[in-house]
Amino acid sequence: MSRNGVLSLLLAFVPFVAMCFSVALWDRVYPLVFGLPFNLFWLVAWIPLTSLSMWGVYHLWNRHEDSRTSPAGKEPPK
Amino acid sequence: MTPSVVAMTIIFGIILVGAITGVYAGFRRQMSLEQWTVGGRGFGLVLIWLLMAGEVYTTFAFLGASGWAYSRGGPTLYIVAYLTLAYVVSFFILPRIWEAGRKFSLHTQADFFQQRYGSKYLAALVASSASSSLFRTCNCSLPVWASSSRSPASTP
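Here the protein sequences line up with chains A and B, keeping their order. Our numbering puts the last residue of the first sequence at 640; the count rises by one with no breaks. Our numbering puts the last residue of the second sequence at 1416; the count rises by one with no breaks.
Isolated chain B (complex conformation) (with noise of 0.2 angstroms):
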């Protein structure tokens, strides 16, 4: 087996396994926009704990923050820090967005700024900016990350 084949049976493999799981949970329960973008507002503690290690794991995380250290260097330290203070902050905003969501049972953003302003124009603004931001991350942080794998060749 060569190790294409062996990685590409891995990939399809934990797809599989997903893809049951997960037509295996939607048969099991009654299923609502509810269950699907907040989980039922019913996960615990250590789920969330580390849902929330796992948001730190992102393609820039992978790809981009590190092409961008091999390109640039000494700045890209800062990304130490912004994780960081940002749990910070989290933990005064953070309660207050989820006491607000389950009272109001709010499901996306794009629903608490409705609630919030009362217009639906905010609510489209932000959820159009929100999913530009998808697209921007994999702009962004995979042109960096191929410049940086380039680099080597064109530098003696």
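The following block holds chain A by itself, in its conformation from the complex (with noise of 0.2 angstroms):
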């Protein structure tokens, strides 16, 4: 896999780790944000942010695969 394909699985990935695998980290009451508790305005806010990081996966992702179908060594089609 081409590294701008790596780089955007671990883009993808970047939420997941905010959303399941820290919650440890922000499962907590307070202090309250916009009157809300603290890990509801966490996952809320990551809803935003995630579109963001597949904005970047999207565009990273698109490279990869013009990549695979024509590769650098071949010339491109004239």
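Hints in this document: simulated from the structure, not taken from any laboratory. There's no promise every hint is true.
To be clear about the criterion: a stretch of chain A counts as covered by chain B if any three or more of its residues have a C-beta under 8 angstroms from a C-beta of chain B, and this derived list gives those stretches [claimed, not checked]:
#, segment
1, 573–582
2, 596–605
3, 614–626
Far from chain B by the CB rule (all over 10 angstroms, computed), these chain A residues [what the hints assert, rightly or not]:
#, residue
4, 564
5, 565
6, 566
7, 586
8, 593
9, 629
10, 630
11, 631
We put the beta carbon where it would ideally sit given N, CA and C, even for glycine.
Mind assembling these two chains? They're in different frames, but the hints should get you there.
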């Protein structure tokens, strides 16, 4: 897999780390943020942050797919 | 007009409009199984986007999840996480399934498993587990909702 492919998989894994594998770090009620308990605020904040990281994943993955369909060593068709 | 009459009028109005639209669409163009199951593979970007957003709002989202949050509290927050993460996984696997579906003109999940693994029995298993999960959704989320709506009376 190309470097872009690996990077995009790693970037897609970031929301998993933030929401699944680090629960003990943010699972608390205080401090309240906008009146929300901190754990609810954290999860809701990661909805837009996941979109943001998927935006990066989308671009990296497209570059990975492009490099797979036209390998660097081969001349692109003219 | 009582509220129940208003509600019933709205519900049957929507059903009537939907039925007329459906029958009209059926008369206007040649219908096939492919048209019925996957819309002739011709849905645009906006329609697919809206449909995928709509997929989230199931009976579970409206009744089961809210009832469960009411009776169990904090642990229901996992719903926020799994729905978000499901789309991360979907990003990688759905385009592949879409390509396979178009290439082999598959209509259902069971078709995909039959094509991929060449087994009629596996396809039948997938089809029956998919349809039984529909019943399971009704059986699981509705009692949760019913029990949570009863609990205010039972607790002081």
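Could you work out which earlier hints the structure fails to respect and list their numbers in ascending sequence? none
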